[in-house]
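Chemist: The residues making up each chain are set out below.
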Amino acid sequence: MVTKTEETQLNRLENQVDNGGGGAWEYLCLVRKLRVRRSEKVLKHGLSILNDPKQRSSLGPDEWTLYEQVAVAAMDCQCLDVAKDCTKVLRKRFPESKRVGRLEAMLLEAKGSWELAEKAYTSLLEDNPLDQAIHKRRVAMAKAQGNISVAIDWLNKYLEIFMADHDAWRELAEIYVSLQMYKQAAFCYEELILSQPTVPLYHLAYADVLYTLGGLENLQIAKKYYASTVDLTGGKNTRALFGICLCTSAITQLTKGKNKEDKEGSQLQSLAAKVLEKDYKQKAPDKLPQLTTALKSLTLSS
Amino acid sequence: MSDTLNDSLILLETSDLSVVVSSPSTITNVVHRTQQTMGLGSIIGFLGVLILSHAAYSTIQYRGLLKITEEEFSGPPLNVVIEVLLGLVFCMWAALTVSGKFLSIHPHSEENRVVSLPANLDFMTFNHRYKVFSLEMDVKLKH
Numbered sequence: 001m002v003t004k005t006e007e008t009q010l011n012r013l014e015n016q017v018d019n020g021g022g023g024a025w026e027y028l029c030l031v032r033k034l035r036v037r038r039s040e041k042v043l044k045h046g047l048s049i050l051n052d053p054k055q056r057s058s059l060g061p062d063e064w065t066l067y068e069q070v071a072v073a074a075m076d077c078q079c080l081d082v083a084k085d086c087t088k089v090l091r092k093r094f095p096e097s098k099r100v101g102r103l104e105a106m107l108l109e110a111k112g113s114w115e116l117a118e119k120a121y122t123s124l125l126e127d128n129p130l131d132q133a134i135h136k137r138r139v140a141m142a143k144a145q146g147n148i149s150v151a152i153d154w155l156n157k158y159l160e161i162f163m164a165d166h167d168a169w170r171e172l173a174e175i176y177v178s179l180q181m182y183k184q185a186a187f188c189y190e191e192l193i194l195s196q197p198t199v200p201l202y203h204l205a206y207a208d209v210l211y212t213l214g215g216l217e218n219l220q221i222a223k224k225y226y227a228s229t230v231d232l233t234g235g236k237n238t239r240a241l242f243g244i245c246l247c248t249s250a251i252t253q254l255t256k257g258k259n260k261e262d263k264e265g266s267q268l269q270s271l272a273a274k275v276l277e278k279d280y281k282q283k284a285p286d287k288l289p290q291l292t293t294a295l296k297s298l299t300l301s302s
Numbered sequence: 001m002s003d004t005l006n007d008s009l010i011l012l013e014t015s016d017l018s019v020v021v022s023s024p025s026t027i028t029n030v031v032h033r034t035q036q037t038m039g040l041g042s043i044i045g046f047l048g049v050l051i052l053s054h055a056a057y058s059t060i061q062y063r064g065l066l067k068i069t070e071e072e073f074s075g076p077p078l079n080v081v082i083e084v085l086l087g088l089v090f091c092m093w094a095a096l097t098v099s100g101k102f103l104s105i106h107p108h109s110e111e112n113r114v115v116s117l118p119a120n121l122d123f124m125t126f127n128h129r130y131k132v133f134s135l136e137m138d139v140k141l142k143h
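Chains as they are written, first to last, in the UniProt record's numbering: chain A, 1 to 302; chain B, 1 to 143.
Simulated from the structure, these hints should not be mistaken for laboratory data.
Hints are not guaranteed to be accurate.
Think about it this way: if two alpha-carbon atoms lie no more than 30 Å apart in a straight line, the pair counts; the simulated DSS-like pairs of lysine-lysine are [stated by the list, open to error]:
no.	chain 1	residue 1	chain 2	residue 2
1	A	44	A	111
2	A	33	A	236
3	B	140	A	41
4	A	33	B	140
5	B	131	A	41
Which stretches of chain A does chain B cover? Using the computed rule of at least three CB atoms under 8 Å from a CB of chain B, they are [stated by the list, open to error]:
no.	segment
6	81 to 95
7	137 to 150
On a predicted model such as this, the values are computed, not experimentally measured, just so you know.
All residues carry an ideal CB built from backbone N, CA and C; glycine is no exception.
So that you can see chain B by itself, here it is in the shape it has in the complex (with noise of 0.2 Å):
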């Protein structure tokens, strides 16, 4: 179970790493908060692995105590039932918050929509306007 949730984990993009422009205040912003997610997601990711092997633990223990009883196995106890399934919905939980927000796959999307191409600068020819029209900016590097 734990492998198809770590399969789930990798699938997941970090779009908070994506945020390349923005001023220093919102970076260290999203850098904090996404650590804070992160500090709690994993502490809980953390407990959902530690009561998935108490389950295991205790199930190992439970098929001893049956052989040595010599009792048939009719089904796992109770206590290993409800560890397995608060396992499941904890990592499940780590697994969907650590790695942060979920982005959008569909091309009509505001973030995935092309509203124009990028200039071909590579092929940028330098006969327009500018070369009779001169710019009304005194600019100069001063060094």
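Just chain A, same shape as in the assembly (with noise of 0.2 Å):
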């Protein structure tokens, strides 16, 4: 999880860094942290250090961890070459280890030779067969090469025995909403509100889809999970405000008809109203008149 805090420290780094200011072993240790992909500045400033001998020498066992950190990111960026010598490198120092070898597959996966790689990630699950790393690359080489239903059915089989990994619920939800397949991908979403309640960004995602889905009830879950996520953040979060209104004035068309109730859902609208008037004032003053004209055409249609 990325806190507001860590994600200022982050892009403070990043720029001094990328200004020549130095603490590029800290900038790097923070991205490790916090599981950011910024391939491209790693490769730069991992290297910078790696080529740098002294530098090197001063970070002790610390060493092996950027080799392998600027490797990946060699090989998200498609240079193989630094990518292969990283690992050569590795492997010279390592050469009995498991992770190296997982690293050596995903090279023979950047290159594109899919049967080389999968046959390495076998004979490595051989060895070990409830490895998690070497399970999730092959599901993720499996979306790669653009057989999603094998991916699915993969992450399936891997969830049945490793139920509590929320990164792979998130996978899966996601795989399930790019492939417009809402009803499971809301069932992956409660698995991982399940898991970790106080992450509003699930709740987010899960309402995204409740409303999406559509019909009455599902709308009215999903201005729940709106509010949850208005909640949770302290109002400071402007996708859920925005979903609030949205969800307000479907239910109401929904229920023009019948009439009843839903004083509270109003009021609910017209506060989140309020608070987006006041960011959109605050922050971007220029884009306040689109703002007023999109809430009052809910309004309006309501």
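Hints in hand, dock the two standalone chains.
Modeler: And the structure:
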């Protein structure tokens, strides 16, 4: 999870490193800790450390972690020569390591030689059938080749064994959303909310899926989850505020003839709209007219 | 009383220890500052415990005195009451300062508010624009 303070710290360090202010190693550590994907920058700054023998030796045993990080970043940037060199260095240092074996297989993946990579992963799995990272790599490989249904199958099988792995649940949810299988995606998000109830982004994603599904009941639940996102973020999530407005107008449209209760709902909408207007006034005053027309059209249509 | 104080000591979290990433100078700075406050705090805490034990000792002595003079017990003597209150304040102050800064527990505070999820790196795939537009950067591992 990346919190607000960590995000600002990361941005600050990134600026500092890009402008030659030093602190490359701290930046790389933070990137690793927050697990963000900044491959190009990791490659550039990581290599500058690795190519400088003095800096490299001052890292101590962390040197090997950096080699791994740079190798993966290089694969992501398709700088296969660098990736190969890094993997070679690691193989020389750790001749028996499974982790380096995984790195080599990933290199094959990056080259696009799927069969060889598959073979490598299978042989690694024979040694240790419960290696989670390798199972995940196989799913990713199936996805990269375009066999989405195979990826889903493997992911489901994987989740039967490792039910507590929320990254995998998230990946499955995202795959389902990309295939427009919203009911299945909603199930995955429910699972994620159960395992990590304080992460507002899961509530938000679940609400999005329910809103997309439509229907009165789903819309009402979606509104509740948008409201819980607002609660967890202290009203600082713009998407959730928009979600509340959209849900309310959709619900009133559906219940037009019946016209019962729903005093509280409209109040929620007006509050959300007020917060939105305040935020826009503060951060993007030139977009304010667009916002007001959009909000007006929502209330008019109801 | 000191039991409850110890409990509150445990409840506090040390935020300074979670400083993983900062430049070496700030790390030493933080460590230096923590050591200073810790030194002062623990001295005061030690003083508080000393005063408390002295209060206990004088209570025992006072009871012995009462037994000898065969008087009725009407209330603790003033010096014991003052010592207990002083010890309480000292121990509390030490418990609040020694273990570091307080962290926010609100989910919407800046330290706790999650703004983005980590990239799902375990499932990363390499089919993206770099495959076609290779990086304009001649990088190489020199050894």
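Chemist: Now tell me, hint by hint, if it's right for this structure.
Modeler: Comparing the hints with the structure gives:
no. : hint         : result
1   : A:44 x A:111 : holds, 21 Å
2   : A:33 x A:236 : holds, 25 Å
3   : B:140 x A:41 : holds, 14 Å
4   : A:33 x B:140 : holds, 25 Å
5   : B:131 x A:41 : holds, 17 Å
6   : 81 to 95     : holds (count 5)
7   : 137 to 150   : holds (count 6)
Hint compliance for this structure: every hint is met.
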